[in-house]
Amino acid sequence: DSTAGTPTDCAPCPCPGGTSCAVVPRTNEVVCTNCPTGTTGKKCELCDDGYFGDPMGHNGPPRPCRPCKCSDNIDTNAVGNCDRETGECLKCIFNTDGFFCDRCKDGFYGNALAANPADKCKACSCSPFGTVDRQTNCNQVTGQCPCLPHVTNRDCSACEPGFFNLQSGQGCKRCNCSEIGSTN
Amino acid sequence: TKPDVSPLPPGSHLLFAQTGKIEHIPLDSYHLKKSEAKAVLHIPDKVVIAVAYDCVDKMVYWTEITGPSINKASLQGGDPIPIIRSELESPEGIAVDHLGRTMFWTDSMRDVIEVASLDGSQRRILFNTDLINPRAIVTDPVNGYLYWADWNRDAPKIEASYMDGTSRRVLVKDNLMLPNGLTYDPQTSQLCWADAGTLKVECMTPSLGNRRKVLDGVQYPFGITSYGRNLYYTDWKRDAVIAANSYAGKETDEFHPQKQSRLYGITTAYAQCPAGQNYCSVN
Numbered sequence: 516d517s518t519a520g521t522p523t524d525c526a527p528c529p530c531p532g533g534t535s536c537a538v539v540p541r542t543n544e545v546v547c548t549n550c551p552t553g554t555t556g557k558k559c560e561l562c563d564d565g566y567f568g569d570p571m572g573h574n575g576p577p578r579p580c581r582p583c584k585c586s587d588n589i590d591t592n593a594v595g596n597c598d599r600e601t602g603e604c605l606k607c608i609f610n611t612d613g614f615f616c617d618r619c620k621d622g623f624y625g626n627a628l629a630a631n632p633a634d635k636c637k638a639c640s641c642s643p644f645g646t647v648d649r650q651t652n653c654n655q656v657t658g659q660c661p662c663l664p665h666v667t668n669r670d671c672s673a674c675e676p677g678f679f680n681l682q683s684g685q686g687c688k689r690c691n692c693s694e695i696g697s698t699n
Numbered sequence: 341t342k343p344d345v346s347p348l349p350p351g352s353h354l355l356f357a358q359t360g361k362i363e364h365i366p367l368d369s370y371h372l373k374k375s376e377a378k379a380v381l382h383i384p385d386k387v388v389i390a391v392a393y394d395c396v397d398k399m400v401y402w403t404e405i406t407g408p409s410i411n412k413a414s415l416q417g418g419d420p421i422p423i424i425r426s427e428l429e430s431p432e433g434i435a436v437d438h439l440g441r442t443m444f445w446t447d448s449m450r451d452v453i454e455v456a457s458l459d460g461s462q463r464r465i466l467f468n469t470d471l472i473n474p475r476a477i478v479t480d481p482v483n484g485y486l487y488w489a490d491w492n493r494d495a496p497k498i499e500a501s502y503m504d505g506t507s508r509r510v511l512v513k514d515n516l517m518l519p520n521g522l523t524y525d526p527q528t529s530q531l532c533w534a535d536a537g538t539l540k541v542e543c544m545t546p547s548l549g550n551r552r553k554v555l556d557g558v559q560y561p562f563g564i565t566s567y568g569r570n571l572y573y574t575d576w577k578r579d580a581v582i583a584a585n586s587y588a589g590k591e592t593d594e595f596h597p598q599k600q601s602r603l604y605g606i607t608t609a610y611a612q613c614p615a616g617q618n619y620c621s622v623n
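Line by line, the protein sequences give chains H and R.
With the first sequence counted from 1, adding 515 to any position gets you the working numbering.
With the second sequence counted from 1, adding 340 to any position gets you the working numbering.
Same shape as in the complex, but just chain R (with noise of 0.2 Å):
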């Protein structure tokens, strides 16, 4: 029998891994309308790690580490597509620049960062040094950045360069300890992260660097996402996605599927694609 897909309903959505599914959480404004949450796609001999979005098609994509590989499908319904399957070790991230029509991905066991059109072609590596566990991928389309995050035990970071892999720089590395979730906010250009050694959820706008912790005591963060002010994570003790409104700085909510087992990454579903264009277009 093959996966389906059940097609969404309109309006934006969290969606998430949890082990052999991807499931999602209608959003009403900020809130979770967690009895109309459900499966969008059962495949339960894979271990599905990362998600991401194209609001361009609609399309769901995600790695997973059984197989291992990268695949795609579309939230109107329709069968899995598999995207990657040859030179991968342990893809746990991913991110799609869905004006430049190219996804990104991390692989923790090759050590390297990856770019590639959205049907695999031109595919390419963008970094090969200095990653010892990177895992959180995002991008910023309009801006042109890329963000990640490297958990390595010995020198945890957050890092960002352009999209085509020039103007490499560090942008966190103190006070960091497993910086497993990454989200970047086009709206209000904040960069969030959760870190599950700190136990803290801290934002950034990382041309000014102003960074500020906005939750504290939280249990095990994996994944987290961004919907205006207010953020979603995943996290591993909980077995939970966890609602905080990143302005008061408290959680506001939280879901916790039939089954109690990990929750891997999560990311918001837009009903329409954030305002911009492609910066490579301008000019």
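The following block holds chain H by itself, in its conformation from the complex (with noise of 0.2 Å):
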């Protein structure tokens, strides 16, 4: 209140680096108005949208708003990209997942952190007859199935030679072929 007549009339504004501030008129709040890039609130305690970090340390040291970190599999178009604390990911694209969306999510195998999209997580489509429980997620890194009994490629889609019937669900069967009348 400049009109009050005392040296006490203007406080310096309670902003990072002397930074502005104005007077809510309703409730006599101070509010900073000019807060450092990437950061909000009242006294910029908060990082914007799309930042993540604890500018006053509220839960621990101090660390500065910084831009969300998710391995490039996030859209720039998105919003709420980030939780603005902790910097967890919350909109992971191209099939991965995780805080930082730095793994493929379940069901989808491969390298989230492959610099083209179309080499990031491919879906493990097992096959339903060949694989245990017929699971749907698989290694996330070879992208092989877990296979019943005597079943093999990748994806649990066919049978070891020698072994027959798939679709039963259960693993393959031994063909039991008799040696003299079979050609190989």
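Among these hints, one or two may not hold up.
Keeping only pairs whose Cα atoms sit at most 20 Å apart, straight-line, the calculated EDC-like set for lysine to aspartate or glutamate is [stated by the list, open to error]:
id	chain 1	residue 1	chain 2	residue 2
1	H	K637	R	D579
2	H	K606	R	D419
3	R	K378	H	E544
4	H	K557	R	D419
5	R	K497	H	D590
6	H	K606	R	D470
7	H	K637	R	D514
Hint data in this document are derived by calculation from the structure and do not stem from the laboratory.
Take the two lone chains, each set in its own frame, and fit them into one complex as the hints suggest.
Structure follows, in structure tokens:
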């Protein structure tokens, strides 16, 4: 209040780097009006959307607001890509998942960190007949589905040589062909 | 301390969201009264995305993605009132039907369009198919139409339906990239959209399909609203509200809030409700 006529009429803004502030008329609350890039809040204590950190150190040591770190697996046109405090990625794309969108989501395999989206995460596409408990998940890296006995291929889609009846859903059975009557 | 609404002076205004607040700029016919722009509402711990206005009760409605939630507050003063707080993930668009007393919203993670009464009751899902990144949504209350945009990078589109969800159809799908913003002007029957991929603002009369470019070389539009011959859009690269004359096809003014950060949704708070009656009340 600059009209009270005392030396302390004007107090410095409680904002980082001496940036500007304003008083909300009805509540007399002081609000910083020019928080540094990536920060927001009444006292610049929060990160803007698209940034994460804890600039005032409310939970541990102060961490300045930095852009979301999501392994290039977020869409820049999306909003709410990461948690504003922890940085946990919330909108992973290209079939990725994880805190930093750094692994393939369930049911997909490959390298979430590959440069080209087409090389990132591919669907497991496990064969329902050849896979244990008809699982849809596979090894995150190799893509190997968990195959039933004597079932082969990455996606458990074929019987081993000398075995048949994948469709049974219980693994493949030995052919038991007569050595004399068979061609091989 | 409770966030309080600073009452708006009479007249028409623009309302727009900037992370933790909703600001307004008074309109003097088509001019932005920039010196009188100020925050209507501070909610610093929330990221406000979409705003809509109910000209009957003079309330602002908004979505925020931090809670997430849908809320409203009287522009004549008062505290925010939460309306919807459950079964929301990323509500990024909201529209009010001031005649039917309903609101519509999009959710880009649940991939739905929902409707509810303005108090949040009678909520139901209107659409849950063929939606990838639905964002902007607008109403044409007099004719009973709903329009929305989906910025799905593989197949962006602008769609229309009746407000009851019937007669859904794709209005525009060619030469679109990131249609972030959408607005319908009841006086001119123009549907206009702002595209952050093609970097254009385009308009059409939905019943005629006469699509045309209004602005090009825009930088990164997010929200857009119309007021007569003028369009006003928010821009992520310029951190500004930009005014343009849609007839002349050129920018006329811009407003930079003091704080430089992203601006999101924008809407026009009309001094009076546009003329017209509820399509349901006819006959």
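(request) Starting from the hint list further up, note which numbers the structure goes against and sort them upward. (result) 1, 2, 7
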